[in-house]
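Could you use the hints to bring the two separately framed chains together as a complex?
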Amino acid sequence: MSLQILFNTLVASAHCALVAVGFTLIYRSAKFFHFAHAAVYTVAAYVGYVFSALIGLNIYIAIIAAMAAAACLGAAIDLWIYRPLRSAGASAVGLLAASLGVLIAVNNAVSLVFGDDTKKLLPPDSITAFEVLGVRISSTRLLLIILTLLAWALVYLLLHATRIGIVLRAVASDNDLAITCGVDTKMASVLSFVLGSALAGLAGVMWVATTAVHPGAGFSALLTGVTAAVVGGGRSLRGAVAGSVFVSAAQQVASWKFSAEWQDPVVFGVLLAYLIVKPRSAELGIWKARAI
Amino acid sequence: MEYILRVLVLSCVYAMLAVSLDLIVGYVGILSLAQAALFGIGAYTSALLAIHWQLGFLSTQFVSIVAAVLVSGLLSLAAFRLKEDYLVIGSFGLQLIVYSGFRNFVWLTNGPDGVGGIPRPRLLFWTIESDGAFFALAVVCLAVSWQLKNMISSSPFGRVLRAIREDETFATSLGKNTMVFKCLAFAFSAGLAGSAGGLYAHYARFIDPSSFTLDESVLLISMVVIGGPASVWGPVAGAFALVAMQEGLRFIGLPASTSAQVRQLLYGALLIVIVATRPKGLVGTYRFGR
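So the protein sequences, as listed, match chains A and B.
The first sequence begins at 144 in my numbering and counts up one residue at a time.
The second sequence begins at 46 in my numbering and counts up one residue at a time.
The following block holds chain B by itself, in its conformation from the complex (with noise of 0.2 Å):
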């Protein structure tokens, strides 16, 4: 049962990601590199926070989304003078300064080695302790992350992002800027990618550079890209069925020293075959890359 639940906190923190990532993918059509450096500031910050100044949930989660907003600010930066292409650059290369600024302030983040004690969230007066209680805190929170990008895709503004993506010198034409709505996609993927790293940092208790890696933020790609981009469910599928087919190999016996590669290998024979044969995703509408 501790199994099991453990599963499904995992799979909500990576579906809370792969929701957010879905914005930027699906929406403005970029591939973004830059997730799980992201995912690492909320998760750094709330953690700091927590561990030093003793924060309450909510102040944890604030602080986190602001601190993610503002990293993406460089990207949003970078975008102003960027074709989608070089994008993907810029966004790779933010992913790898955030990477090595989590390994190299040892001060901050105590390096390679890991920040751990982090205690149990504390929502206003009650503290989550047991397992499933704090399972209903990461539905909660996929529930809301879901339902904000569900109410951005579906306003105006998410209209304009599809323009864009559909071809952007025309949504100019109708007097769009279309840098403002770029620039407002990141922030507000960046910002659930931080709440998904607060929701993290608690829910292990130890955290360390490894868990965000450039490996991790093209896993979140292909979750997003496997689902199905720009859907409702797509991005929430892909991330299940990805953590699903993770703990699925532990149980067909494969040896712990190479399930690892096992997994990443299938990760991107998984991703090529989708884009080349079902660029829709596992339950998505619109054909990504095409």
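Excised from the complex, chain A in its bound form (with noise of 0.2 Å):
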């Protein structure tokens, strides 16, 4: 029992991360909450329910193709819709309020398109499943835990070995040094929108393989993806990974104590217990960074 409830949250926490990571990267280079993160996140599911339950390809090629139309989409709503806000002036407040309407936009958009029901992936007999030690791991399951780890090591070997790492990295710690250092801040921007958003596409898909997905889907991911980036600090993306160990283990536990219906509110409840209990003194959360 115990060792299947480690299993869910290493599941859930790595989906959770995914999207954290990606809120996250998206958050230090941008300056503000993008709330229509979830919207990408929805969009990359059914990009990938379409390609693979509908006209019927193979999973990985689905997986890919979400995970391009996520990050076309994050690079969309970053030039046609914040960057004209931007020049007009906006600040954070107006561009949160724009990116609340994005969402909204969004996600019932899909929903007009697909209905409001839950679709899946694969139908639940083709997933195969084996026991390890008394634990239950389906094959999407291992998969998602799997590709998380991938995406996370390139995301590491793309901030810290790359060109665009150092320029993301630069915007992130300082963003008026780095325009002075000729940094091309408006191209840091959609770089991390791309990167952003592609990772949160794979989580989105990932989820609609491993379970299943309606309309309002990313927005329940986003919500513990925001808890876990904000208990993490929300400037570092190892803080944004262990906020999310944290938050689905908080999870996992509240629904094998309680019942499924007190996941949801014990994440929120963590969310604003830290928020009003945070030590004012330390910026950061558990995790200190200094950049990314």
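To be clear, the hints were calculated from the coordinates, so they are not data collected in a lab.
One or more hints might be untrue.
Just so you have them, the derived chain A footprint on chain B, three or more residues with Cβ under 8 Å [what the hints assert, rightly or not]:
#1 117-123
#2 144-154
If we take Cβ atoms under 7 Å as the criterion, some of the chain B residues that face chain A in the derived model are [what the hints assert, rightly or not]:
#3 L76
#4 R126
#5 G135
#6 V263
#7 T303
#8 Q306
#9 L316
#10 I317
#11 V320
#12 G334
In silico SDA-like links for lysine to any residue, alpha-carbon gap of 20 Å or less [claimed, not checked]:
#13 A:K174 to B:A321
#14 A:K174 to B:R210
#15 A:K174 to B:R335
#16 B:K325 to B:R204
#17 A:K400 to B:F150
#18 B:K325 to A:G232
#19 A:K421 to B:E129
#20 A:K421 to B:G118
#21 B:K325 to A:S234
#22 A:K174 to A:R312
#23 A:K174 to B:L127
#24 A:K262 to A:S282
#25 A:K174 to A:I307
#26 A:K174 to B:Y131
#27 A:K263 to A:G359
#28 A:K421 to B:F125
#29 B:K128 to A:F175
#30 A:K329 to B:A321
#31 B:K128 to B:V225
#32 A:K421 to B:D130
#33 A:K174 to B:E129
#34 A:K263 to A:A196
#35 A:K329 to A:D317
#36 A:K400 to B:S145
#37 B:K325 to A:R229
#38 A:K400 to B:N149
These numbers were taken from a predicted model, which means no experiment stands behind them.
Glycine residues also receive a C-beta, built at the ideal position from the N, C-alpha and C atoms.
This is how it looks when you write it as structure tokens:
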């Protein structure tokens, strides 16, 4: 029983970390809360559904298509909505309001096209599962964990071993200084949207592969992702991952000790409690980091 | 006629909520995503008191307002430590906790099935039965909220709120304890939202958690931003315009299954367009989010 909970926590935190890392990446370069991240997740999940369940393509092709669609949507939102707003002088609050508008509009567009019922990518009997030490492990959940680790390694390499990474970290640590040093911050912003949205897309398509999605799924994923990012300090990607593990563990324990309905209240309780008791002096959360 | 009165009463309730939210969005310059939750607290408090203890309208209003103010205190606690950005996240958390509370405390709120059989409001010795009389009551409530909000915003207190919106550090340097001002603004706003909730519960006579969702909070933000934040008539105009738009969609023959989605899609799109092209809103003067 307890090993199963451990595995479930691992799956949930992998999913949550993908959303939280993408969200943090975008927050650090765009400097406002991009709530439309949830819309990107939902669209990616439905793109995966169309490619795999409707057209009948291989699941790996569906995953790549979904991530590409997510990256394009993220870049489009940044280029066509946030950038004009920014050049018109919009502040973080204005951009936040616009991102809420994008979220509501896209989510409802998805629900108009596909309906409100839940969609599954694979029929349940086609998912193979095996047991190790009494833990039921389905192939799609294992794939989710492997792909998350892979994505995390790639993002880490990208940030710390390439020129793009230097640009992104520079913008994250000090926007004005980056401009002074001749960094193209607009390009950096688009890059962070592409990268962050692709991660959200991976989370979305893997969630539709492991369980099911409905148009509101992106939003629930964002809630836990944002909570994880905030509890993890809201600044570093490692913090976001640590926060994801913490939040997912709290969720799994809550649904084990009480019942599944208490998962969400526990997450938001953690969030609000953290925001209220957060030590004022420490700007960061449970993880200290200078840039990302 | 009955239909028109229904739309008008709903417009009044939404206008009260938009007016209450404007104190935060327009004057403190922070987006709060918890307004629907405070509305729900007011509605559930009034409904339960009226059903179980047969309290009259004035006493349920009083308790609803107090309850909403107390719940908003949680947000004020967070405000002591957070900058604007994170305060939005705090209000977001509060909204979701309260919403899950409505769904999960089944012994109190009857969970997702909702609370029914809420009596019509009783004002001293007079029970308001007809829709026309209820509309009059709604107009009076809206007028009181509107007047209170205008008194608050044009008072020295409101001036400090505007100063905080423009430059919090500067307001602090003038010796203003900005935290106290922010918390009071939250409390006033929550009280007005709680009062609107009480009115709504007595009117609808059946409430369930679906009326107090995060989507509803975003809708209220759209009303304020579209109408014109920090203005006398803006929030009222925004609320009436969006309710009218919603009812107008009924008449162009959209099937019922898609009308909710189309409506929300339009709110979202309109919110982006207004922030991008007309930050003053329909009738406002303050440029929101600039």
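Now the hints, each set against the structure:
no. : hint             : result
1   : 117-123          : holds (count 3)
2   : 144-154          : holds (count 4)
3   : L76              : holds (6 Å)
4   : R126             : holds (6 Å)
5   : G135             : holds (5 Å)
6   : V263             : holds (5 Å)
7   : T303             : holds (6 Å)
8   : Q306             : holds (4 Å)
9   : L316             : holds (3 Å)
10  : I317             : holds (4 Å)
11  : V320             : holds (5 Å)
12  : G334             : holds (2 Å)
13  : A:K174 to B:A321 : holds (18 Å)
14  : A:K174 to B:R210 : holds (19 Å)
15  : A:K174 to B:R335 : holds (15 Å)
16  : B:K325 to B:R204 : holds (19 Å)
17  : A:K400 to B:F150 : holds (17 Å)
18  : B:K325 to A:G232 : holds (13 Å)
19  : A:K421 to B:E129 : holds (15 Å)
20  : A:K421 to B:G118 : holds (17 Å)
21  : B:K325 to A:S234 : holds (14 Å)
22  : A:K174 to A:R312 : holds (13 Å)
23  : A:K174 to B:L127 : holds (15 Å)
24  : A:K262 to A:S282 : holds (19 Å)
25  : A:K174 to A:I307 : holds (18 Å)
26  : A:K174 to B:Y131 : holds (12 Å)
27  : A:K263 to A:G359 : holds (14 Å)
28  : A:K421 to B:F125 : holds (10 Å)
29  : B:K128 to A:F175 : holds (12 Å)
30  : A:K329 to B:A321 : holds (18 Å)
31  : B:K128 to B:V225 : holds (15 Å)
32  : A:K421 to B:D130 : holds (15 Å)
33  : A:K174 to B:E129 : holds (12 Å)
34  : A:K263 to A:A196 : holds (8 Å)
35  : A:K329 to A:D317 : holds (14 Å)
36  : A:K400 to B:S145 : holds (17 Å)
37  : B:K325 to A:R229 : holds (16 Å)
38  : A:K400 to B:N149 : holds (15 Å)
Checked against the numbered hints listed earlier, the structure breaks none of them; every hint is satisfied.
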